[in-house]
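Chemist: Here is what each chain is made of, one letter per residue.
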Amino acid sequence: MSVNIIVCAKQVPDPEGPPSSFEVNEAERRVIPRGIPPVINPFDENALEAAIRIKESSGAFITLLSLGRSLSRAVILKAVASGADASMLVEGDAFDPSGLDASATASLLAAAIEKIGPCDLILCGRQAADTNAGLVGLGLAAILGLPAVTLAQKVEVVDGRVRVERVLPDGLEVVEAPLPALVTVSGEVGDLRYPSLQAIKAAKALPQTVLGPEDLGVDPSGLRRVETVALKAPSRERNCKLVEADTPEEAGRKLALTLRQDKVI
Amino acid sequence: MERSGKIMVLAETAKGDRPASISLELMGLGRELADGLGTSLSVVILGSGVGDAARELARYGPDEVLSLDHPSLGAYNPDLYKEAILGLLKSSPPRALLAGHTSLGQDLLPRLAFSLDCGLVTDCVGVKVEGGEILFIRPVFGGNALAVQKATTDTAMATVRARVGEVPAPSATPCEVRPVEVETPAPRLEIKGREIIEDRECPLEEAPVVVSGGRGMGGEEGFSQLRELASLLGGAVGASRPPVDSGWAPTTCQVGITGKVVAPDLYIAVAISGSTQHLSGMSEAGKIVAINKDPDAYIFKVSDYGVVGDWKQVLPSFTAALRETARD
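From first to last, the protein sequence lines stand for chains A and B. To convert, note that position 87 of the first sequence is 337 in the numbering used here; the numbers rise steadily by one, no gaps. To convert, note that position 111 of the second sequence is 116 in the numbering used here; the numbers rise steadily by one, no gaps.
It is possible that some hints are incorrect.
[Stated by the list, open to error] Listed below are the simulated DSS-like cross-link pairs for lysine-lysine, each with C-alpha atoms no more than 30 Å apart in a straight line:
#1 197(B) x 404(A)
#2 197(B) x 155(B)
#3 197(B) x 305(A)
#4 504(A) x 306(B)
#5 513(A) x 155(B)
#6 20(B) x 404(A)
#7 317(B) x 491(A)
#8 404(A) x 365(A)
#9 454(A) x 365(A)
#10 491(A) x 87(B)
#11 155(B) x 482(A)
#12 87(B) x 513(A)
#13 317(B) x 298(B)
#14 317(B) x 292(B)
#15 292(B) x 482(A)
#16 365(A) x 482(A)
#17 95(B) x 404(A)
#18 305(A) x 451(A)
#19 328(A) x 404(A)
#20 20(B) x 87(B)
#21 20(B) x 197(B)
#22 305(A) x 504(A)
#23 482(A) x 95(B)
#24 87(B) x 133(B)
#25 305(A) x 328(A)
#26 298(B) x 513(A)
#27 155(B) x 504(A)
#28 317(B) x 306(B)
#29 365(A) x 328(A)
#30 491(A) x 513(A)
#31 20(B) x 292(B)
#32 491(A) x 451(A)
#33 306(B) x 513(A)
#34 482(A) x 133(B)
#35 491(A) x 292(B)
#36 504(A) x 317(B)
#37 292(B) x 133(B)
#38 306(B) x 491(A)
#39 292(B) x 504(A)
#40 133(B) x 155(B)
These are calculated hints, taken from the structure and not from any lab test.
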C-alpha cells in the first residue's frame, strides 16, 4: 500500500558549530549565527530517512514541508534529492522562527498541510536543534486530530497502521496507531543518506510549491502561548585546575587526592 | 492579567512503587512557587496500585495528594493518561503544572498543553516567581543561550530537568490523599510490547556521579574501566556520541543534546573533547573533571579539574588512589 507522507523539516543554524558561532543578542532576544550555514534540523533529517525507508519497503509519496523566513534552496534541494518526491516551502518575514513559538508554528504547519492535501503519515523530528522544545509535532497532531507517537527509532506502515519502535530511557517499546497518524522521530533511526549528484540534478525537476503569508491565510501574531522575556549568554566556562605531575600515572593519583582534599569525592 | 489557581505537580513512580526522585525534587520547587504566589500545592499521581507512592508523597509538603489509581494506568499509554488527568485540569485549572523532563513528561505535557491551549515550557533548568509571574529558564541553541520564558495563558505548564529542585525534608504529618475517579476511553494507540535494555538500578539522569567516555576511549574495553570507577563512586556510566555510534556503549548511555541530559554532583569526562552537542547534556553538573591527552581540548575550558594525559595511563592510578583513600 503506497502512502502519502509529509516530512516537516526546519532549517536551523548548524548545531555542530562551535560556541563562538552563536552570538547572543540580548537586546533583541535572538541568537545570531556567525559563519555557520543553515542545515536541516538533524532530527528532521532522521524523519526524512525514516520516510525514505517506508518508501523503499512499501511505497510512498514523500512531500518535504519547510517553514521559515528565508529558506536556503540548496539545503532544500539536497534534502529532496535524498528521496522525496515534492516539496512545499512556506516563507515570509512573518515566519521568522524567533517570532514564533510552538503553538504558532504548529498552527501554520497545519494550514500548510491542509493545502498539500490528504496525507496518511506526518513525520517530524523529535525536537529542533535551535529551540530544543520538542513540541511542534505533538501540537500539529492535536490541531489535526491525529494519533501521535513520539521518539521513533523505527517506523513501518503495515496494513493501514503505523508500527513504531519507540525509544524509552531504559529500552524500547512497540506502539501501533491507525493511519492517518503523526510520528516524531529520534536520532536512533540513523543518518539521512547522501544523494548522488545525479539525484540532485533530477530533484530540480520535482514539483515545488512556494507559499507566502497571504497564501496561508493564518496570522501567526496572537497565536503565541509562550513569550521569551530575556535571552542571555550562559557562563559555561569554568576555571580549570590542571593537576600536573612527572608521569601520567602520578597525575592520576594526584587528581584523586586533590578531589578528596577539596571534598569533591 | 489576574491569575488564580494552585500549583500542581505531576508525580511519577520509580521502581518499587516509590515516588521518582524527580517528583520529590518538584515538591520542593512547587512549594517555593506556591509560597511565592500565596497559593496551595497539589500533587497528582497516576498509575495502577500507586497507594504507597501517594502516601509517601503526602509527607513531602503538599497540601493535597490527588491519586488517579486505575488498572488501565499500569503502563504509560498517552491516550489513557491524557484523558485521566484532563478532567481534573479542566474542572480546576491550576496556575502551573510542573512535571519532570522525563520520558513521560516530554510525551504527556505537550498533549495536555495543546488540548487545553496552554503555554508549555520544556526542559527547564530554573523556575522562579518574579513580580507575581512564573518565569521559566531553559537552554536554547544547544545550550549556547539561556532563555527566560513565561506562558501568556492562565495556566502555565513546564517540564523540569532532574536535580533542579531540592527534595524537601519529609514531614511526620502527611497531608490527605484524595482518590480521583478515572475516565477510561478506548485508546487509539496500542502498546504491543516493551523491551528493557538498561539496568535502571542507577538511572543515568538521577546518578550523583557520572563517568563518561568519548571517542578517545578507542573501543569497548575502555568502558569496563569506566564502569569500575563508576561503581566505586556509586554512579553511572555515560558516553558522548562517537562511542555510541561506534557501538562501544549502548544508546541508553548517551549524554548530550541527542541523548540524556544529566546534572550530577560530579561529572568525570574521560577522552571527551567537549563538542557543543555533548556539553549541552552535562554543563549543569556540580563539578566537572576532565582527562584528555589534548591540552587544547575544549572540555578543559568548562571543567573544574583536569589532567592532560592519556587515559590509559591516568585512569588506573586515579581509580586505585580513590579506592585506597575510600572512607568507610
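Chemist: Of all the hints given earlier, name the ones this structure violates by number, lowest first.
Modeler: Result: hints 2, 5, 10, 12, 16, 17, 22, 23, 27 and 32 break, sorted rising.
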